[in-house]
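Protein chains in written order, with this note's numbering: chain D, 329 to 1048; chain L, 185 to 579.
Among these hints, one or two may not hold up.
[Stated by the list, open to error] The calculated lysine-lysine pairs, modelled on DSSO-like cross-linking and capped at a C-alpha distance of 30 Å, are:
1) D/K965 with L/K217
2) D/K830 with L/K217
3) D/K981 with D/K746
4) L/K216 with D/K963
Derived by calculation from the structure, the hints in this document are not laboratory data.
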Amino acid sequence: MGNNILEVKNLKVSFRTQAGTLKAVRDISFDLKRGKTMAIVGESGSGKSVTAKAILGILAGNTIIEGGEILYDGKDLLKITEEDFHNIRGDKISMIFQDPLSSLDPIVKIGRQITEAMLLKSGTNRREAKKEFNGRLATLKKEMIEAQGKEHETEIKGMVKVFDKFCIEANHLEAAYNNAYTNAADLLSYTEDFLFKLDKKQRLDVKGLLRDYRKRLGKIKDPFLTKGFDSRIEDVAAGLSKAALGYNAKQNELTEVTAAMKDLEALLNEITTQQRPNFFRIGFYKLYDPNANLDLPNAELDEVALKVLNENFMDRFFALTKEGVTYSYRQALERKKAIMPKLSEARAFFSTDFSKAEANKLCKSLSTEIEASIDQLEYIKDSTAYTFRSSLSNAIEKYFFYLKRNPKEEARFERQTKRREALIARGKTVTWKVVPKVVYEKDELRANILKIIDRMEEHYGAYIAADSSIDFEQRSVALIDHFKEKASEVVYRVTKSMAKEKAIKLMEEVGIHEPRLRYNQYPFEFSGGMRQRIVIAIALAANPDILICDEPTTALDVTIQSQILELINKLKEERGLSIIFITHDLGVVANMADDIAVMYAGKIVEYGTADDIFYDPRHPYTWALLSSMPDLDTKDKLDAIPGTPPNMIYPPKGDAFAARNKYALKIDYEEHPPFFKVSDTHYAATWLLHPDAPKVEVPKAITDRIRRMNEKLEGGAKDV
Amino acid sequence: MSEQQEVLLRVENLCQYFGPTKAVDNVSFDIKKGEVFGLVGESGCGKTTTGRSIIKIYDITSGSIYFKGQRICAGTKSYRDAIKEAKKEKRTCKDDKRIAELNEIIADNQAEIKKAKFDHKHSDHEYAKRLVAETKEKYAKKLEQATSETETKALQKEMKDALRVAKKTKLITKIQMIFQDPIASLDPRMTVREIISEGLVINGIKDKEYIDKRVYEMLELVGLVREHAGRYPHEFSGGQRQRIGIARSVVMEPELLIADEPISALDVSIQAQVINLLNELRERLGLTILFIAHDLSVVKYFSGRIGVMYYGNMVELAETEELFAHPMHPYTRSLLSAIPLPDPRTEKQRVRIIYNPLASHDYSVDKPSMREILPGHFVRCNDAEEQQYKKELGL
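Next up, chain L with everything else stripped away, as it sits in the complex (with noise of 0.2 Å):
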């Protein structure tokens, strides 16, 4: 089934560096539509750098990010080493063909950083580009089989309007996202209708009845009334206070949402209600979900792929089932063993595998990657641990 669902996010080698800290490296997912990522690992380990990557919260060090088939992020690290190799081994080289071959590497990943940069800075013009020819072409063919003169100027109109819709439109708000601290999120001096509406606003809507509409429909799909949209957000419990968080990013019609941790910080009876609502969501607007998050069980209850992150890297990636009926990195077996469950009898047994990254694998030689252990199952490991990981899988 994987195979024919369509790619809405692409991650290729993500790197984000912060000077020294490679808090995420060389990291490599892709999202299908309609589907939830989760993304889970200890805290520190890069899951909310990778997501506030990819809606361009920071720039991003190497890498490439592609939404609906454009890229959106780029980083240039990786070229600008690879012309530092090149120039370096161009000062020692002799062979005259080898230069030449240096040379045009060198263009080669210049030409490459600049179309990164372009690429980076200019994706939503492009996108608007792209969306206008499209809107062109639609109304061009209906032109043309318009019969009547009134017709054609009420398509002409039509066409205006689409075409200042299309121009403004910006792909990155097609991305969305919900923060971990409903809290801290929410500005106290804005009424509900301001936070909800504020991404219309900014996108150009003036149309003040529209907005009131959009805002009423947030708010009743989210499980609030229409009388609370002239209140302030410290009138709310965190519970309510998160939904508006979820109205707020659901107003502009993202595709995909970015969920930080979203149940984190709320109450046991309430998270139940905010995993119900996110899963209505989904069934009823067609959202694809990045779920971040530590809690184990909720992940597992709510996504339908799961990538395991530690300190950077990306270490194992399955489907749900699959990842909890095979974990294969010691990583990911230890995260599993040490998941609560509400059974006094088995816990009082459970034995918590502990990960050591230096006792349990041999990186000093033999490098490790991402490889594919099963069809959809993807570990980093080594020859060796390729080996074994098969050996004990039977295979």
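So that you can see chain D by itself, here it is in the shape it has in the complex (with noise of 0.2 Å):
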């Protein structure tokens, strides 16, 4: 519960083509988990970029939404309408397409590129932020008023208008302190770097640096920042005024400005190494006594804060959220309990024949129970009770829709067919094909609606089971720390200057030489690896929770590769991002992933993590994969893939695989093999698995690789 951010269910896409329809994605699930990596593997053509693309909602126009559905923030993606993607798009979730030529407009330079989403929004995402910190405030509001009754009521409502006001004035104190601070950062980043080339004994333009670094340090002052440094600021603001005058290229003397810029570095290091007060106490503090000493050292006004804080409002507070939060889950839990025959009922009831009329009634009474029945004060959405209505509405409505159709298409299949035949019969030639039929059996629209019903038991029922595991301290805990998360969302501001030094320092991180040269100019006076750099960046600029990676190193040299791998891998643990990562470099699927879904055809072929996929591959696909590269100690010919993935157009009976798979049982030509369980997190989908089938022996590369890589880690191990 929870823990996926992102869930793909039984997604099926298709194109339609000239040439008839193209089955690009057939029927895969996976989830994403929060805060991990999921990297898709496989050919050009298996379907890697569709599913990308389909969780971004920017398939082309001839693309067909056969079934299933995209389970983000208790939305389904595939059902929202174009304006509710907006929202989404480019903001919780963010691409880093393959192609830098064809993702960048040629006309606009780079740098309002990489700021365009931070400006556009900056106010959406305040507003948005808002909506949420009240809306669920006046929730806990509420549920804290009935788990305590009437006689509190005033008291919780003042309670509650305290804690809205000094969460908002204390991220407004923070803003302020973490401008500065941010400021004061880049200024000691700028003095190493300038004192380092005066070491390497680089040209400098020294009087305009000591003069931009002077007005820089005039930008650092905040009440908490600078506590105690302000005279000290002003001498060592003096003493590059001193030096950027007493300085002459001519005779290039760089003892004084080496010994004011020392200062600077000093001091810097001083104030940016400083405790981080905790504005969250302090707000209160100073919100509760007017009369509040905020002149005290940081580390002592945090005691005092806390003290103040907890005294007088937060043991109080606390105690009322965690019974409000359990209340809530009390109730919720009981409603849920109570769905529960109604939903085998509702499953019974689907499974015969049943009206339309009374198909619908159902659906909305069922619906708005289990809609009663979410826990409001769960902020992690529970996205499959979420979707629950539109899932199962969508489901009812196609299976009267084909119902009503099929037998037309049937019908207009025949006759175009008895027609063409008739033409050829006749020896006339005929230069047109007839549309495949699309009918969907009867059984088959049943099963999807149980399989929402199924499910929607199934997830109730573990939500049931874990009842006695919950700890509702640690609850509220998360709960108190979402409403600041959010207050401070609500307050952070981007203004355009802001937007253009992070935008500077993106490009920084993603590795483009003077950032500030090369803010101003136009995609094409960039090389492709720099342009696939700038794209990084800007996905990276709207801070997504997800971010989808489309093959994005492909086009790079190794170094700057492993650059552009390390920062995404950094900005994972920064900003907690979940990632899909696509790529056909299995070098860099090592690195990346946490899990793995290998892709063929359509298919998901192979499902585990990072470590069963390369220490215990099981399908053979995987196995092809997996030798046809060299790495650095291959010596034999390479085991080469014969032949080209199948056309999609005409999908193979059976196991896509078999044509080029050198250990293609009988039954693969005949059957789609299942998923067969090899532990708890790996799957592979192959007849290789099954009981009865004959033992095969993993290519030699395969296990020469597996066991020099643990000897390599044996050894490593050793060493330290």
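Fit chain to chain and form the complex, with the hints in mind.
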């Protein structure tokens, strides 16, 4: 529960083309865990990019989404409107595209392209955060009052009001502090750079730089950051001015300059390594006590503020919150328990024939009850419950639509086929083809409906089973943290200059030299690798929750590639980013992935953690992929995969890989293998795992490599 | 072993400037017959430019390139610079003896320029001349030994044909190139037969049957079938297109093949097919290959010696095993530390070495040059660094 940030369920996508319907993705399901990287590996044409594009809702116009769900944040991304998508795309889910040439606007300077999203989304983000903050707080208030009874109503209302007020106040203080802190940290890095270059005897515009630094020094003033440093800052600033005045470019006498810069470096080091004050406490302290002495040293102030906060507010508020959370949870649980038998009833109802009116009525009442049973204080949205209504009503609609259409489709197909055959029989050359029929069996349509109900039942069953292990203390803390976070988002306003500074920092992070200069250049002035980096910077600019990387480093060389991968990994740690990483380079996958899905011909053939796939691969296609690329120790002839991927307009019967597979069994040509479970995390779709299958040796190249890897690992452990 | 092998291609002080940009600056290396020489480096470091300069797509700025002992490319910048220097000195010089010396230098360099220009322009012609002479000699001997009149006549006819071919032979066609992008490098309006046979036709072969035979041979050699000859490039997949590109270059019976990132644009499963094919061709035809790539695992698998380039300079050159065992130049170390390996556990502990030329070298006084640290292992360094590298190796 709440572990998966994105769930893809039974996704089926095809494309209408002139030659027929191309089945690009054929029934795939996977979960993206919060803060983890999921890699999708496969050849081109295996449906990797199509999956990614489906998640972002940017599939081409000739796409048919045949079924499935993509659940994110309580929404089904396949069913929401384009307007809703605007709030998600680029902001919550962002993508790094494969081809940097076609994903940059050639007539807009890259600086504007990077900052565009930040500026555009700033207002929306704040509005959204405000809505979330206020709404959730109102729910909390309601639940607390219900839990405590009417007599505490005024007290609770007052407390919530105070909480609201000081939360926002604290974040205003913090935003100012952060701004100043960033300026100080930047200035420190510039100073270090300057000193380094002086040390290396490079020519610099010393006078201009000194003046610039003096100006920047003025920007780091903040009541909490530079507390107690005021006089020193003035001294250092005076020193800088003096050094700038005294410097003569012709004589190039640097002792004074170096001394002044060293002073600046020392000062900034002290400022930036200070303990960070806790603004949440200070915010309350300031509000509670108008005579509060904020000039105390930060550490001391923290202590005092904490005492004031706990004694006067937090202890009581936290207790109330906890009770509110518990109450809300119990209520929701009761309702969930009440729903369980109804779900079974609904299952029975849909298992037999039913009329449209009845079905819709049941769907409506069931959905309403399920929505009522959602615990409103759970801020990580329960996607399955939230999307129940849309999924079920859609499935029902589809059921009746195709029930009505199927006979018509059959008739059309028969009519056209007959006509074509008649023409051929008369000896004419027929240039047109009969459009293949799209018919869904009644059982299949019914199974779709039942699957949704089953999933709900299973989901709530797990929920009810987990009842005893809930830690309400921790939940309440998490909820209050969530409020804090939202409050900071409400306050966080992006101005043009901030966006520019952030963009330049991002450009530096992705490895673009002289970002200030390049900020005002056009895409054509950059080389391919540089353009790719800019695309990455753009994707990261909006602070997304989910980052989809579609072969982001394929066009880059190794050094840059590992630099970019490190950057993405770093951001993942820092921001709790969840990543979907699409690539065919297994070396890159090993570096990035926590989980791996190997795709072939629109299906996932093997699914597991990185260790499962690399140390214990089971599917012949995974073997082939692993052994077809040389590593640094490969000496023998490479095991190339013969042939090319199949034409997905006519997907082969049975296992699509069978034709290129030297381990193919007879059954592979007849029936598609189901997923066989290897371990809890590891699944593979190959008949070789069937108990009756003949034993097959894993290719030597792979066993050798695994042995080497293990040896290396043991050797490495000894070294440590 | 490297001592006995014949040097097929020698690049000496190659410089290729595009205006102020020094794309390739003073690069020297040689490729021995039958070996695969890998050229690696980040994008924009001049690997492709080096390859293209060798095949005379660009006129080089300075330096010379020898192929089969014949100078095929020559730049004049170094000579012009020498003349400029000498003239400048002459203006201020008072010493008569020195002036005479300088005059000599100028005259020498002017002669060199003339020679370089001649070689650059007429290398094909010169080579053809040499071939003609050789052929004549060969047949003269045979004719002397001929006994009957019919035999003489037959030999004379044969000689005539051989001479015609020799006359038309261009040295540069013995170097062929495979391009990175198999889609962009094949003319969409030519059939596969036309693409493959174009080189033969340009070389003056008119015999249709012979051309067809060669085309079919080549198609089979690269793993395609005869029926493919009549098709157009768009009807093929990426891997097949790259095979066509290879067939087109191999049909000229080259001795040196320049493969410029031949697998970067291909799918994983196809990459292995193409590498295997190149390996097979090398063994069967005795090809020498200059392999330009940025994927180090592939380069290591494929080549015998590797040259590492950085910003237009060759920074390290050694046999593959040696390079991977003892990388010396900090850039090579950084490059090797960045190779992604299909091994999650070691991969997650990998520490990338960062190369910053400013921090790593101090070339303000002591200028670097290529020096041989171990036999066959060259590194670009200065005296201090040379000492240091040797110390690290325990020499």
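Quick rundown of the hints versus the structure:
Restraint check: the Cα-Cα separation between D/K965 and L/K217 comes to about 22 Å, which is no more than 30 Å; the hinted pair holds. For the given pair, D/K830 sits about 54 Å from L/K217 by alpha-carbon distance, which is inconsistent with the 30 Å threshold. Only pairs whose Cα atoms come within 30 Å are accepted, and D/K981 paired with D/K746 is accepted, the gap being roughly 26 Å. For the proposed pair L/K216 and D/K963, the alpha carbon gap of about 21 Å is at most 30 Å, so the pair holds.
Going through the hint list in order, the structure does not satisfy hint 2, though it satisfies all others.
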